[in-house]
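Using the sequences and the hints given, assemble the complete structure.
So the protein lines, in turn, are chains A and B. For the first sequence, the positions run 17 to 110 when our numbering is used. For the second sequence, the positions run 129 to 599 when our numbering is used.
Keep in mind the hints are simulated off the structure, nothing from the lab. Hints may be right or wrong, so weigh each one.
Taking CB as the label site, the calculated pair distances span [as the list claims (entries may be wrong)]:
#1 B:A484 to A:L77: 30 to 40 Å
#2 A:G102 to B:T261: 17 to 27 Å
#3 B:V407 to A:S85: 50 to 60 Å
#4 B:G370 to A:R90: 48 to 58 Å
#5 A:P87 to B:A163: 41 to 51 Å
#6 A:E58 to B:Y216: 38 to 48 Å
#7 A:G102 to B:A451: 15 to 25 Å
#8 A:D97 to B:A431: 21 to 31 Å
#9 A:L73 to B:G403: 28 to 38 Å
With the Cβ distance kept under 10 Å, some of the chain A side facing chain B (calculated, not the full set) [unchecked claim]:
#10 K28
#11 R31
#12 T35
#13 L46
#14 L61
#15 V64
#16 T67
#17 S68
#18 P82
In this text, a Cβ means the ideal position worked out from N, Cα and C, and glycines have one as well.
Below, each chain spelled out in residue letters.
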Amino acid sequence: MIDREQVLHVAKLARLRLTDDEVERMPAELSKILDHIEKISELDLDGVEPTSHVIGLENVLREDEPAESLPRERALEQAPDAAPDGFRVPSPGS
Amino acid sequence: MTDPALMTGARAAAAVDAGELSASELFELYRARSAAEELGAYLWVAEDAPETSGPLGGVPLAVKDLFCVEGVPSQAASRVLDGYRPPYTSTAVRRLIDAGATVLGKTNMDEFAMGSSNENSGFGPVRNPWDETRVPGGSSGGSAAAVAAGLAPWAIGTDTGGSIRQPAALSGIVGMKPTYGAVSRYGMIAFASSLDQAGPLTRDVTDAALLLRHMVGRDPMDSTSVGLPEPIELPTAERLDGVRLGVPPELTGEGVEPGVREVFERALALAEELGANLVEIGLPHSPHGIAAYYVIAPAEASANLARYDGVRFGPRLGDGDLASLYEETRAAGFGDEVKRRIMIGTYALSSGYYDAYYGQAQKVRTKIADDFRQAFEQVDLVITPTSPTVAFKLGERTADPLAMYLSDYCTVPMPLAGIPAISLPGGLSDGLPVGIQLAGPAFSEQRILDVAHALEQAIGFGGAPWQRVGA
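What follows is the structure, encoded as structure tokens:
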């Protein structure tokens with residue numbers, strides 16, 4: 017179950033501005049999904065190791081050597097507001 | 129000579145190599161057809177093909193919009209990436225181009241690969257060429273429809289919970305999800321990083337083997353990538369003598385509609401005639417796969433999609449402070465399903481809920497992988513239907529997200545365990561294709577392709593839309 021207040025809180029954490037309609041719809045919609053996924057809490061999995069990587073690779077390392085990277089102007093090409101040497105954003109404000 | 133439009137990719141590549149077919153004429157045939165298509169399969173079609181050389185003979189390739197291709201729109205079918213043209217090419221596409229493929233176009237998909245019907249695209253749905261009132265499956269729905277309709281000889285897609293295999297099944301073609309890490313994820317727009325894998329969608333099993341052969345390999349740009357023990361060979365097997373196929377009641381019984389079960393049982397009988405031994409095996413935790421998946425995938429997605437904030441790429445909305453820029457850009461850019469998954473994932477990872485959701489789901493994942501490990505001590509491969517139903521009607525499941533999620537019931541356990549699986553057409557139910565799924569242990573791609581090839585010959589599937597159009 018997830019209620020209206022929790023939906024608004026989670027939306028804030030996720031930086032999503034919800035419309036009034038979404039705020040109305042989401043508690044019921046998400047609760048139905050959560051009811052289904054909460055079924056896994058009924059399983060007794062004490063002592064089971066959680067999967068962190070399916071193939072079991074560990075510590076993939078390489079030499080720390082400088083290599084070519086994307087030129088700055090190429091990386092900035094797709095920015096909605098590029099400054100000469102960075103991404104421009106408004107002030108974080110108060 | 130055979131009509132070039134009726135050739136598989138491998139056959140066309142061989143014809144180009146033998147000087148019987150011009151690569152540029154073949155490209156023009158598919159380009160014209162794709163530019164004029166009305167299924168909604170493509171989001172972008174190339175105007176011309178660069179010169180290529182290599183074993184793939186310049187045969188045109190349809191590429192899911194999830195793959196970055198330098199200078200070409202690569203939007204993951206999301207409005208939040210509207211107009212994005214990446215400055216680099218994904219490793220999977222790069223390797224295929226280096227082997228002689230030419231990029232024909234970018235195919236439609238569910239936004240950020242979140243969906244099972246292609247109805248979640250930010251650019252409109254895709255129609256199934258077998259019946260245009262039905263969905264082609266998803267999320268690689270555009271790639272599947274393009275191959276099935278003869279708009280491309282072959283295509284690539286990505287699979288997180290079934291997004292290659294399920295649309296392949298619903299569209300009557302072959303689709304393969306390799307072992308996690310077999311194909312580099314570099315330049316593949318991330319959905320759920322512990323699950324995402326690229327793979328081929330093709331007219332037959334041989335084409336799947338040929339594309340896969342050129343896609344796989346360790347890539348320094350993806351530290352989770354691993355090399356296969358041997359190069360993929362084109363399959364030639366016609367018999368299945370001594371092959372042990374495991375049939376799990378959990379994925380073949382309840383919930384599988386009767387028409388699908390009938391085709392599946394016919395495929396089992398054919399496998400036995402070819403010499404295979406059928407063994408009942410248990411996958412007792414697989415029924416919990418959907419629940420675990422719909423914690424893990426949204427949790428990882430909520431983190432991966434944090435980067436779409438209107439700062440580095442895509443459109444920017446909001447005037448005022450930085451927080452409203454983020455919030456308005458994301459509110460306008462993401463569709464309903466993507467928002468739902470970001471909400472579920474953020475909730476599941478939020479303080480106080482982590483252990484109950486994500487932690488528990490990762491334990492379920494361990495149990496699902498253990499089930500497969502035990503099964504593979506008794507059998508070589510596991511066989512199931514790919515989808516519990518045939519292609520459903522457009523709009524049929526859009527109002528009920530949970531019903532949509534259950535479309536992935538038979539395909540979700542394999543990516544949770546990281547193992548490879550293929551879907552091949554098994555026959556028709558009421559005129560609509562049914563997929564048969566074969567799954568094997570990690571790095572058993574060759575075995576899967578060989579068995580799928582033998583089964584494909586015995587099934588003799590025909591009458592697909594691409595076989596009816598011609599040049």
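Comparing the hints with the structure gives:
{"no.": "1", "hint": "B:A484 to A:L77: 30 to 40 Å", "verdict": "holds, 34 Å"}
{"no.": "2", "hint": "A:G102 to B:T261: 17 to 27 Å", "verdict": "violated, 50 Å"}
{"no.": "3", "hint": "B:V407 to A:S85: 50 to 60 Å", "verdict": "holds, 52 Å"}
{"no.": "4", "hint": "B:G370 to A:R90: 48 to 58 Å", "verdict": "holds, 55 Å"}
{"no.": "5", "hint": "A:P87 to B:A163: 41 to 51 Å", "verdict": "violated, 33 Å"}
{"no.": "6", "hint": "A:E58 to B:Y216: 38 to 48 Å", "verdict": "holds, 46 Å"}
{"no.": "7", "hint": "A:G102 to B:A451: 15 to 25 Å", "verdict": "holds, 20 Å"}
{"no.": "8", "hint": "A:D97 to B:A431: 21 to 31 Å", "verdict": "holds, 25 Å"}
{"no.": "9", "hint": "A:L73 to B:G403: 28 to 38 Å", "verdict": "holds, 37 Å"}
{"no.": "10", "hint": "K28", "verdict": "holds, 9 Å"}
{"no.": "11", "hint": "R31", "verdict": "holds, 5 Å"}
{"no.": "12", "hint": "T35", "verdict": "holds, 7 Å"}
{"no.": "13", "hint": "L46", "verdict": "holds, 6 Å"}
{"no.": "14", "hint": "L61", "verdict": "holds, 4 Å"}
{"no.": "15", "hint": "V64", "verdict": "holds, 4 Å"}
{"no.": "16", "hint": "T67", "verdict": "holds, 4 Å"}
{"no.": "17", "hint": "S68", "verdict": "holds, 7 Å"}
{"no.": "18", "hint": "P82", "verdict": "violated, 14 Å"}
Hints 2, 5, 18 from the list above are not met by this structure, while the remaining hints are.
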